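Visitor: With chain A fixed as given, assemble chain B onto it according to the hints.
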Amino acid sequence: MATSISPAREETPETGEVVATGRGRYHVLTRYDRRILALMVGIPLLLDIVFIWWPTFSSILLSLTNYNGVGDLTGDNFIGLRNYQFLFSGYTLFWPAFFHNVLWLAWLAFVATPLGIFFAVLLDREMRGTGFYQSVFFLPVVLSLVCVGFIWELQFSPTDGFINNVLHRTSSGNIIDWLGNPRINIFAVLIAASWRHVGYIMVIYLAGLKSVDPTLREAAKVDGANEVRTFFRIVFPVMAPINVVVAVITAIEALRAFDIAFIINQGKNGLELLSILITNNSISEASLVGFGSAIAVVLLVISLGPIIVFLSRTMRTT
Amino acid sequence: MSAVAVTAPRRIAVRPARLALHAFLLAVVAAWIFPLFWAVYSSLRPVSDTIQNGYLSFPGSAGLSLVNYQTVWNNAELPYFYLNTLVIAVPAVILTLIIASMVAFACTQFSWRFNLTTLMIFTAGNLLPPQVIIVPLYRIYLNTPIPVLGSIDIGKFSFPLFSDRGLLYDQYIGIMLIHIVFQTGFATFVLSNYMKTISKEITESAIVDGAHVLRIWWNIVLPLCRPALAAMATLLFTFIYNDFFWALILMSTGAKRPITSALNNLQGEFFVNYNLIAAGAMLVAIPPILVYVFLQKQFIAGLTLGSTKG
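So the protein sequences, as listed, match chains A and B.
Here the first sequence is numbered in the working numbering, starting from 1 and rising by one per residue.
Here the second sequence is numbered in the working numbering, starting from 1 and rising by one per residue.
Simulated from the structure, these hints should not be mistaken for laboratory data.
Treat each hint with caution, since some may be false.
[As the list claims (entries may be wrong)] Quick partial rundown of chain A residues pointing at chain B, CB under 8 angstroms, derived from the structure:
no.	residue
1	33
2	48
3	53
4	145
5	175
6	275
[What the hints assert, rightly or not] Pairwise CB distance ranges, derived in the manner of DEER restraints:
no.	chain 1	residue 1	chain 2	residue 2	range
7	A	106	B	54	29 to 39 angstroms
8	A	213	B	210	42 to 52 angstroms
9	A	213	B	28	27 to 37 angstroms
10	A	168	B	18	30 to 40 angstroms
11	B	30	A	168	20 to 30 angstroms
12	A	50	B	161	18 to 28 angstroms
13	B	28	A	126	49 to 59 angstroms
14	B	59	A	219	51 to 61 angstroms
15	A	38	B	28	18 to 28 angstroms
16	B	226	A	210	27 to 37 angstroms
17	B	223	A	54	33 to 43 angstroms
Keep in mind it's a predicted model, so treat the numbers as computed, not measured.
No residue lacks a Cβ here, since even glycine has one placed at the ideal position from N, Cα and C.
Pulled out of the complex, with its shape left as it was, chain A reads as follows (with noise of 0.2 angstroms):
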């Protein structure tokens, strides 16, 4: 059609810039819009800037310090990476709350997630019930993490939660204490969380799994191979770019914990996570800032791995 269009409008186009439409057309857009457009990109990715990426880059900055606070920053306040290397050699929740961390994650990815996917497998096929039941895994997945607490906080009490009561396990003498004993806490908080997680897993393979071509699979079943092989050697291939979401989510549900420990017990005795770490030296008690964001930075540093997979994965095929 025509090479070039222009608006049939008073305002002339003057030095217009000229946008392509990626297949040999032009058109010019006004000034005006021009305009419009920069401010409808421009002031949301400002705002972004000022209050996301600024403080993360600040965090980046004070880690450097010993800022606690009050007063004004001054360049008295730069001490190198004394931080981290306290952070590292002396501060004695730093490696338990890391190690906390790895076992979410490790937990996550190795019992929640696998589960979620099975769940996802056996419930992507034509019978009578399966949306009963994935509203059921569902379900956990709307409450708030505040609600999840609370309720199993009411099954893990060790007086007054079910567990021990059907184990009669409840006296002072054989008493387990599921939220109070620091070798196992973190296991009643990894139930609760992942309660919630398979749910969410569920939902997101199952509907990857929908888009998985059915062909492929009659063949394979004319081919004589059972259900597991199928799975195995041909869906799980194809479903390579889900894959790839739910590892990202996985890892990052791990790095974001916070909510449960906190509610449970504010993050001690065996509820230590990096983030709550952070929050407590820089808010609560102290006011550690500088110390505190060498935490956040420790934090961000491991979240870059994957969100720098999760960017190029889904950047890459625009």
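Guide: Chain B alone, transformed into the frame defined by chain A:
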């Protein structure tokens, strides 16, 4: 051809296996829903009953009642906390959708150099753990001046315009703001995925016809995105309602807290026994459950739009 050969034998041979599957699933589902059921059950039991018989018992002579719910509702003044949550969540969802759809519109319907970078900045912003930015953000909130222009008072409830201290800290708009900024990343990602499926021809012909971009966005592209917008609204409302962290740190006045962080504070103050805790948890859980029950399709569509491509 092969259809006839595959379906006939399948119907007969699978019956016992299908039964076993149902039995397995029913067992798992029963165990899965049990914690929720137990919470509901405990919440309906009067405290006298559980003190006497313990929690692992059938309802005693007093039967089941809603007395715990009444206690929590009145003593903990829950209606005000619901109002707090609503005042934060509803404007935040609307503004997030407006902003995210604008960005998605500009990035998908037009081609320009930093298109992809912009989308990446927004998406990555949402993937960060909130604790990474909370320390500087807390300081920003304590130091950002906001005009004090009075307030809207409805009975005991007061909505400051726009701050009651001159700062962004401890204000409804402060919490609203961080939600909007944080969720815009996710919403932009999902909406841009969806808008990519809208042909650019529509926008082009509209420009040829003389429409301004704002008009195109509002009158043409947004209506086409209705399913995605509905899905995102459902999802965003649930995320913002369920959030606990931002209000915990960026709000200090107990009475202004949204219901989730209020619930945490009330533990110990009003919730002196597990029956009341259970009732409180249920009261907080009911709105998102209702949203889910009535808008399940949108909810799931929103989640899957955001994670799968197309």
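Visitor: Taking the hints in turn, state whether each one holds.
Guide: Results for each hint:
For residue 33 of chain A, the shortest C-beta to C-beta distance to chain B is roughly 5 angstroms, which falls under 8 angstroms, so the interface hint holds. About 5 angstroms separates the beta-carbon of residue 48 of chain A from the nearest beta-carbon of chain B, less than 8 angstroms, and the hint is met. Annotation: interface hint on residue 53 of chain A holds; nearest CB of chain B at approximately 7 angstroms, less than 8 angstroms. The criterion of a C-beta within 8 angstroms of any C-beta in chain B is met by residue 145 of chain A, whose closest approach is roughly 6 angstroms, and the hint holds.
For residue 175 of chain A, the shortest C-beta to C-beta distance to chain B is roughly 15 angstroms, which exceeds 8 angstroms, and the interface hint is violated. The restraint placing residue 275 of chain A at the interface with chain B holds, with a minimum CB-CB distance near 4 angstroms, inside the 8 angstroms limit. Hint check: residue 106 of chain A to residue 54 of chain B, Cβ distance near 36 angstroms, so the stated range 29 to 39 angstroms holds. For the pair residue 213 of chain A and residue 210 of chain B, the supplied restraint of 42 to 52 angstroms holds, since their beta-carbon distance comes to about 45 angstroms.
A hinted range of 27 to 37 angstroms holds for the C-beta pair residue 213 of chain A and residue 28 of chain B, which are about 29 angstroms apart. In this structure the supplied range 30 to 40 angstroms holds for residue 168 of chain A paired with residue 18 of chain B, their Cβ-Cβ distance being about 38 angstroms. At about 22 angstroms, the CB distance of residue 30 of chain B to residue 168 of chain A agrees with the hint of 20 to 30 angstroms. Distance hint check for residue 50 of chain A and residue 161 of chain B: the Cβ-Cβ separation is about 22 angstroms, which falls inside the suggested range of 18 to 28 angstroms.
About 20 angstroms separates the C-beta atoms of residue 28 of chain B and residue 126 of chain A, a value inconsistent with the hinted range of 49 to 59 angstroms. Between residue 59 of chain B and residue 219 of chain A the beta carbons are some 57 angstroms apart, a value that agrees with the proposed interval 51 to 61 angstroms. Here the CB-CB span from residue 38 of chain A to residue 28 of chain B is close to 53 angstroms, at odds with the stated 18 to 28 angstroms. The beta-carbon spacing between residue 226 of chain B and residue 210 of chain A, approximately 22 angstroms, falls outside the hinted interval of 27 to 37 angstroms.
In this structure the hint that residue 223 of chain B and residue 54 of chain A lie 33 to 43 angstroms apart at CB holds, the actual value being about 36 angstroms.
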